[in-house]
Amino acid sequence: MSSPQSSVLVVDDEPALRKALRTSLIASGFAVEEARDGEEALLSARRHSFDLVLLDINMPGINGIDACRRMRGLSPHAGIIMVTVRDFEDDKVRALEAGADDYVTKPFKLRELTARLRAVLRRTRVDGAVQLSVLHAGKLKIDLDRRLLWRSDEEVHLSPTEFDLLAFMMKNVGAPLTHVKLLRTIWGPEYGGELEYLRSYVRMLRRKIEDDPARPEYIQTEPWVGYRFRNPSDPDSPPADEED
Amino acid sequence: MPISGRRSFAKRIAIGSFAVALLTLLCYRAHIDFSSVIPLYTLLVVLQSLTGDFKSSAIISVLSAGCMDFFFTEPLFSWRIAHPMNALALVAFIVTALVITSLVSRVRKEATSVTLQKDRLDRLYQLSQQLLALDPEETHGEKFLEPFQRFFGVTAISLFDADTAELHSLGNSQCNLAERTREAYLRGVDLNGIDSPAQVRCLRVRGRVTGAIGFEGLEDGSETSGSLAALTTTFVERTHAFRKASVAAADTQTAVYRSALLDALAHEFKTPLATILAAAGGLREAGPLAMEQQEMADTVENEAARLGSLTSRLLRTARLDSEEIRPRIELIDLTSLIAHIAGQHSARSEERRIVVTYPREALDVQADPALLRLTLNQLIENACKYSKPGSTVTVEIEPQTDAVVVKVSNNGSSIPSDERSRIFERFYRGADAKRSTSGSGLGLFVARKIALAHGGALDLEARDRPNDSVTFCLKLPNTKDEAQYVLTAK
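Residue numbers (our numbering), protein chains in the order written: chain A, 1 to 244; chain B, 1 to 490.
These are calculated hints, taken from the structure and not from any lab test. Built from N, CA and C at the ideal position, the CB exists for glycine as well. Check each hint, because a few of them may be wrong.
[To be verified] Going by beta-carbon spacing under 8 Å, a handful of chain B positions derived as facing chain A: (1) 285; (2) 286; (3) 326; (4) 330.
So that you can see chain B by itself, here it is in the shape it has in the complex (with noise of 0.2 Å):
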């Protein structure tokens, strides 16, 4: 027993034998027999238990019956009892008395653990108000613990958010507070010290543990802790739900920000270039040109016509990139687009030699050609555009049983291990792609959802090739039934 309890224990009793000596007082001189004082204690040892607890009055209605022993019954003054009566009277007092006081202190137990329940139940209600106010945003760290250690008194808390890995603790521990919590996280155990004032509770959503709750100098802590701890998950859970939201909501917003600012952008350049093409073909038409003017007419309409379509394919990849993708499936012989592409390319960039390994015979895939015809022009331009003057790309074309696939490598650019899972993520350029050449970050991503629209895929070879080399691998199932195809890439 705490000394305070002591004390006001030994308080009890002092009033409570005061009032007996006093009613003992009275009652002597009043001349008032045995029978008659019976009730009069009795009335006293419940009025003293609907103060005290069960162990005072206990002994208070001992002090009351030996009173009435001495005093009231015969022979007076003697301990002795003459009359088998009295004594039984006596023993049904002390009986009744015991009951009386053990009723009532546990009535008013009861009521004094109500009355701290609802005072709990309304500082949680209070907390639950208090953190409701915050900003989602502000749910973490100091400003979310503050209303803890305002409405439970606790002298020390931290809070573990395994989402953010972040400890946040407020004031000041005897023990360590802040470890223990990262522990019990750890652990996946609440920590319920019986010899320690920390009570350390995990966050649980679905069975699953998402950080750790502690508490130091908190009142009824083994009661309490759980509440506050299923509180926290709400509110924990309630950020992190509001932060992937944002995160959700920036992501949509900046993509369509992008698509319709490349939509904007190729329209806009498309009539001047139009305007261009129109202006260097008539200059040709309109009257007989020196060869050298002749020539750079030419320049002038082949590269504003490829700069046209340039344009044309960043607003088709744009608009892939938004949209639904539906191949349109025909049969196609893939060998001679890839010499086609390949040759294209080989005319555009002299300084790479493009290498395609052809499989025996003809190959035939069923595809959407303009679609395949984009995915290959970006593998192929990217491999030339990625690798070192002077070096080879390759291109292999391999049949299996049930896929084609088409390898694209090259030379002297690997591709970093943290960047390979995200390379072919929307808008993400590698740091090397960054500084060295231009692009949208869109090619990879829409070159990957063609294939998975067309029920195949476009991967990273697992292991680089020596030297430094990255093949990319395009799969085509190699079906007849086009109904196989799986429409939605999105």
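For reference, chain A alone in the conformation it holds in the complex (with noise of 0.2 Å):
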């Protein structure tokens, strides 16, 4: 359960879809108000201030994109989720470059979304406090200062690059992160293009933590968008992305 001060902003053109997301997220312990559209939405946001926007990237009038960069404008430290519908198209990766703090994909069930909205508050309160130089995430643990891996208290050698673009994804945990922002973050700001080196990266990075890199359970593919380092002890961290 969430602390019930966790306020949501539900931003969805459609009535129906907003009364079942404000009856479900009420009975799921948040506290919720609804907009029709953009402007709605960002009137209510220079009103009150709320932990999280759960913002539709198809409306009428300005579209979710612009809303949400406006909204990140107006509540830097709001957590914004986004809706999107298609999942093939770049909407997830615009969104996140709008300041998005994560998306979901229509239709998606109630406990994909209270986990995703619970994830994102506990990363924006995170976010500003002491950061811990020992992270821990499964079976790994990682020491930032000492640059130093562990996989079930085994330690585990790790290159320069291949150390760096862990402590990135573990720092983040949770949260999608694109290719473009990997390899800016990695290997410098004029990089972006470059998928095939962040690709062999992640192949090796695999070999050495999961059981099966085939079937990763840390570091986990986002289709057309990057990675998203999970934890799998936490219970509110998505399942990895089953396609059918």
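The two chains are supplied separately, each in an independent frame; assemble them into the complex guided by the hints.
Written out as structure tokens, the structure is:
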């Protein structure tokens, strides 16, 4: 259960969906406000501050991406989750670039949504708090200061780039990380299109940290977007993407 | 010489002879001497040759020479010639007359030929104007042939179009023109019977015979038929091009509509599904539910989620259909991926058994995980869908030297031989498929497109195994070099 103070602004032009989400999210312990479109959402955000914003990407009037960008300007600390309907286009990447923290694709199960909401909430609250120098995820333990990694208490040797990549992913556990973001952070701002670099490093990392590299537990592929580091022992971490 | 020609020849001789007699009478009465009559006779011969042919003019020349000899040279009223100079003059007259006659008739013949050619060109021009005015869709059949008959007065005409294998005829043929036309096409040679009134020409485009056209009763057949055949070839080709363009345009249009429709449907479905899922999830969260209520809420949620993923897949397939596929290659453990997908399908279709034959070692392939999963799902789902309940679907993974082959077979569903080549066509659905199961007709088309985009292939196994089984072979190249992939499959 999330704390009763967590407020969610649900922005969608479909009244039936807003109503169902409102009822269900209240039942799941959130305080819910509704907005019909981007304009109304921005008005609400000016009046109140919300912990979370659930923003539909396809809306009449100002589109979801623009609304997201302006929302980010208004409330820098709100967790913004975009609701997309297409899963083969660059909508997700554009949403993340516009400042969204995560996305869900319609139709989604309520549990999946609440897990995402809670994970984003936790990440946005951790932001600004003291950064730990030792992080844990499943069987993995990473020491950011000493640049060491253990898997089931056994040290795993990583190259400097592999370490930087894994450390960045583990620091952003649960968050979707676009290819471009990873390349620019690890390799430098002049990078962005060299997907093969990233893929080969992810492949090597998976061989070192995953039990079964073909069915990864930690480094999840987000189709057409990038990667997401998952902590298997976190109950709110989304399950591996199972496409039918 | 035809009868009409013979008559006009006789007429020309008669008129010429009358003119010679009249001139002789007038000159004789006027006592004009031999040296003065020569130019007068020469004038007459020239005049005669302007209207008549060489033969009649030559006869009139000889007749004139005879008259001069008989009436104007010494001794008079005798064929004898006393002075050699007179004989020489007569010979000179005959030679001059014949040369003039020959020249004049040659000039006249050429003039006639030019007139004829101009006339033929005029008619060809009018004919092509008329044909151009026709709707390209009507450039076949009687409507197309009728102008030929009107402008060239042929008694019968036949056209064989190899593209449609249609034979069109107009008019009454005395010599079975239609059959001759078809025969000319089949033999690929023109038929220009000298003793026959029919002229048949093959229609040739870049050396290829595309049909034949036959004429009966065509004036100057051997010369005109070539031009007419060339004209026909142009127009028939125009019709073919038009027909192909219309079919292609219709295909594109259909594909665009269909893609747009699928897209819209998928979008329109997803919001209500999201509402159902949110409501079903909320029901569970809202209050303590009895066991059965809980189960029903779960069923609603699971089925709506399944409908959602089916919709997503449909949308994804429609997109892959209309766009170029660019695989994002990764190293994938093929064996566990197949085990996973087979497990999912086994759970879903309880009435069919899915047996997977694995290789001894785990097999990695370089492929786009999302696309490969879509393809394998499609093949295994098809195998389940088109087999009898209780039957077995087998999946074999065969490592080869340069490729990995995945064979998906079922039994109880044969594919008729005429459909085998067509099942990979977009929107094609077999007769049985249309009757028994639902589908978009895109699945196999897109699956093959994905295979090709990976530098691989997807085919139906050449010969069905026994018991009416059908086997699809997915071949993925076994290369470590990612740069070798062909990224364009469209």
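Can you verify the interface hint for residue 285 (chain B): is its Cβ closer than 8 Å to any Cβ in chain A? With Cβ-Cβ at 4 Å, under 8 Å, it holds.
Is the interface hint for residue 330 (chain B) satisfied, with its Cβ closer than 8 Å to some Cβ of chain A? With a minimum Cβ separation of about 6 Å from chain A (threshold 8 Å), the hint on residue 330 (chain B) holds.
Measuring from the C-beta of residue 286 (chain B) to each C-beta in chain A, is the shortest one below 8 Å? Constraint on residue 286 (chain B) satisfied, holds at 4 Å.
Status of the residue 326 (chain B) interface restraint (C-beta, 8 Å, chain A): 10 Å, violated
In summary, the one numbered hint that this structure violates is 3.
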